[in-house]
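Student: So the chains spell out like this:
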Amino acid sequence: MPINMIKVILICDKGHEGTINRKLLCVSIYQLKSKFMSNELVPMKQPTYYEEVERKGYSRRDFLQFVSMMTAFIGLENSAMGQVATALETQPRLPVIWLHFQECTCCSESFIRSSHPIVADILLDKISLDYTETLMAASGFQAEKCLQDTMTKYKGKYILCVEGSVPMGADGVYCMIGGKTSLQILEEAAENAQAIIAWGSCASNGCVQSARPNPTKATPIHKLVKGKPVIKVPGCPPIGEVMAGVIVHLLTFGRIPELDKLGRPKAFYSKRVHDTCYRRPFYDAGLYVETFDDENARKGYCLYKVGCKGPSTYNACGVMKWNNGTSFPIQSGHPCIGCSEENYWDNGRLYERGSSFAGFGIEANADNVGKVALGVTAAALAGHAVMTNVRKKKLILDLEEEGKQSEHELKS
Amino acid sequence: MKTKFLHVHRLRRVYVWELPVRYYHWLNALAIIVLIVTGFFIANPLAILSHQEAANQYTMGWVRLIHFIASYIFFFNFLFRIYWGFVGNKYANWKQFIPTTRKFFKEMWTVFKIDILMMRGKEHISVGHNAMAGFIYFFTFLAFLVQCLTGFGLYASMGTWWLPKLFAFVPAMLGGDILTRSIHHWSMWFFILFAVIHVYLVFYHDYVEGRGEISSMGGGWKFIEEEVFQNEEHHTPNEPKK
Chain L
1 MPINMIKVIL ICDKGHEGTI NRKLLCVSIY QLKSKFMSNE LVPMKQPTYY
51 EEVERKGYSR RDFLQFVSMM TAFIGLENSA MGQVATALET QPRLPVIWLH
101 FQECTCCSES FIRSSHPIVA DILLDKISLD YTETLMAASG FQAEKCLQDT
151 MTKYKGKYIL CVEGSVPMGA DGVYCMIGGK TSLQILEEAA ENAQAIIAWG
201 SCASNGCVQS ARPNPTKATP IHKLVKGKPV IKVPGCPPIG EVMAGVIVHL
251 LTFGRIPELD KLGRPKAFYS KRVHDTCYRR PFYDAGLYVE TFDDENARKG
301 YCLYKVGCKG PSTYNACGVM KWNNGTSFPI QSGHPCIGCS EENYWDNGRL
351 YERGSSFAGF GIEANADNVG KVALGVTAAA LAGHAVMTNV RKKKLILDLE
401 EEGKQSEHEL KS
Chain H
1001 MKTKFLHVHR LRRVYVWELP VRYYHWLNAL AIIVLIVTGF FIANPLAILS
1051 HQEAANQYTM GWVRLIHFIA SYIFFFNFLF RIYWGFVGNK YANWKQFIPT
1101 TRKFFKEMWT VFKIDILMMR GKEHISVGHN AMAGFIYFFT FLAFLVQCLT
1151 GFGLYASMGT WWLPKLFAFV PAMLGGDILT RSIHHWSMWF FILFAVIHVY
1201 LVFYHDYVEG RGEISSMGGG WKFIEEEVFQ NEEHHTPNEP KK
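First to last, the sequence lines map onto chains L and H. Just so you know, we're using the working numbering here: the first sequence kicks off at 1 and counts up by one. Just so you know, we're using the working numbering here: the second sequence kicks off at 1001 and counts up by one.
Be aware that a few hints might be false.
[Unchecked claim] Cross-link-like lysine-lysine pairs, in silico, DSS-like; alpha carbons within 27 Å at most:
#, chain 1, residue 1, chain 2, residue 2
1, H, Lys1165, L, Lys223
2, H, Lys1106, L, Lys394
3, L, Lys261, H, Lys1165
4, L, Lys393, H, Lys1122
5, L, Lys394, H, Lys1113
6, L, Lys299, L, Lys271
7, L, Lys266, H, Lys1165
8, H, Lys1113, L, Lys393
Simulated from the structure, these hints should not be mistaken for lab results.
Using the sequences and the accompanying hints, generate a full structural model.
Tutor: This is the structure in C-alpha cells:
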C-alpha cells in the first residue's frame, strides 16, 4: 500500500459538525478501503444499505420510516414497502460514479438536503460515491485513480451519475479534468456503466449554459451517449427526494424506473406543476394576479398572468415541495419559471405569458408581430381595392352597364 | 324573355360547391372563430374582478372547455374534408390544392399577374378555386395540421381518451410544452391573416367578375358566361383542357 494514499482523516461522529464533514470522512474512508483492497485477489464484500444504516446508529424504526417515505415517493403501493425494505436489506450498495461537468452543483446540494437524513446518509455516503469531484477528499492523480479503479472493479455494474452538460465547442476545452475533455471522460465512464442518470437540467437538456448563442456548445448527455438508458431527472435543481427516489427504484427493482417519452421517470414527471398546484382553483375560476403587488396577489390568486410556467412544466413541486416539504415557488408567491423544461430560458420571458418570437428583437412577442402583420395586410388590401377600381374600371363598368340594361328591360 | 342587346351575357349555372363542402366551410369558419376568441382568452385572460369565491365560478374552465370542444369539431371536420378531397366533385378534389403539373403553376402565374399585380391581360376564368387560391388553401391545410398536432399534443397529458394521447409525441419531439404552446400561438395568426385576405378576395372576385362568388358558399352555384362555356375558356387547375 503506497503511503501517500493515507490522508488526514477527520473523525467526527453522527450528529456532530456539518453533513459535508461526515461525507468527506466516509467518502475518503471508502476510497482508502478501495485502495487497500484493489491489490487483493478477493474483492471486499460490499455491505448492504441496512448494514450501513445500522452502523450509522439509526434505529429500525428510522429505517422503516425512510422505506415508507421512499415507497410513497416512487409511486408504489403500500404493499411494496416490504419489497423496498428487503432490497435495502439485502442489496449491496451500488457503486456510483458521479461526474461534474458544466454545472453549479445545485443538484448535489439539493440531493444532500433531501428531507430524510437517511437519504443523505445512505444514499450519498453509503451509496458508495466512489468518485465525485465535489465531495471526495482525494484530489489530483489519486482522484483520477479512484475513477479508473471504480470503472475496472465494477465494470458493467456501476451507476453513472452526470451532473452538468458537456461543452462540445473548441474541442471541449471549456471543461477539462485531469487533461481530459468532458466528452472523453463521459464516453469512458459511460462505456461500462449499468445505467446513466442525468441529474438536473444541465445534463438533461443543457440548461442555462446552452441558451442562445450557446458559446461553449453545451450539450446534454443523452445526445452524446448512445445505446445506454439515460434517466433524465431535470430541474434546476431537481427535488432531492426525487433524486433519492430514482436511486431507490434502481436498487429495489434492479432496473431503471418507467420513463416517459422524454426519458424522465414517470413517477415524478407525468404531471404538470399546474395539475398539482393548490392555486389551480383560481386558475379555473379565472381569478389572476395582475401585478405582484395587487390585491389579487395578496389573496393568493393564480400567477398565470405574471408568467407562471406551471401549465407547461412537468415536475413534482406541487406534491413534494422543497426543503422538507416546506414550500415551493408558487406557494411563496412567485410564478414557476419552468426550470425542468427544455430551453425554458429561451422560450419566452419569465414574467410574461406572451410568447416571444425569436429573431424579432427582445421586445417582440407573437401578438405584436401578428398585429403588425395584420396592419400591413389591411393596408395592402386597401391599396389593392383602390387599384382594382382604377385598373379594372372598364370591367366593372361593363358589368354595371349590363346589369342596368337588364333592370331597364324588366317590365316590373 | 329575349334580350335586346347581344352583349348582355347569358349565364350558365354551375354547381360548384356540394352540400358537404358548404357544411365543411361554415363549420370550419365557426370553429376557427371560436378557437381564436377562446384561444386569445386562454393565452391572456381578462382581468375579471369577482366577489365570489373561486369555488363558485369556472370562467377559465368554461372557456377552455369550449376551446376543446371546438377543437374536436375542427379536427373531425378537417379529416372529413380530406376524405371529401377523394370522393367529392372535381372542384373539391385534392388535385385542386397540390400543384402536380406545369399547368397549375402557369395558371398561378396568370392569377398573380391579373389579380395581384393588376396587369392588363385576358381575365382568367376559374370556375372553382383558381390555382393561386387552391395553393394557398393547401397552406391552410398545413396550418390546420400544425394546430391539430400542437393543440392535441398539449392536450395529450390532460386527456383521458386515446385519441389525443396519440399526439403525445409532438411535445416530446419539440422538447416540451413551452415551445409547443408557442408554436400553437404563433400559427394562430396565420388564420387571422388568412381570414382577412380570404374575405376580401371573395368580395373582390364578386365585384370584378359578377359570377356569384360570395353566394356560392350559400347555394353552391357559380355562374359562367355561355360563350365561355361554349369556347371552353374556363379553367380548373390540373384538369386537362378539352
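Student: Give a verdict on every hint.
Tutor: Hints and how they fare:
Taking the CA atoms of Lys1165 of chain H and Lys223 of chain L, the gap is about 26 Å. The hint holds against a cut of 27 Å. The straight-line distance between the Cα atoms of Lys1106 of chain H and Lys394 of chain L is roughly 25 Å, inside the 27 Å bound, and the hint therefore holds. For the proposed pair Lys261 of chain L and Lys1165 of chain H, the alpha carbon gap of about 12 Å is at most 27 Å, so the pair holds. As the CA atoms of Lys393 of chain L and Lys1122 of chain H are separated by approximately 14 Å, the hinted pair is consistent with the 27 Å bound.
In summary, the hint linking Lys394 of chain L to Lys1113 of chain H is supported, as the alpha carbons are separated by about 17 Å, within the 27 Å threshold. In summary, the hint linking Lys299 of chain L to Lys271 of chain L is supported, as the alpha carbons are separated by about 26 Å, within the 27 Å threshold. The hinted pair formed by Lys266 of chain L and Lys1165 of chain H meets the criterion: a straight-line CA distance of about 15 Å does not exceed 27 Å. For the hint linking Lys1113 of chain H to Lys393 of chain L, the alpha-carbon distance of about 17 Å falls within 27 Å, and the restraint holds.
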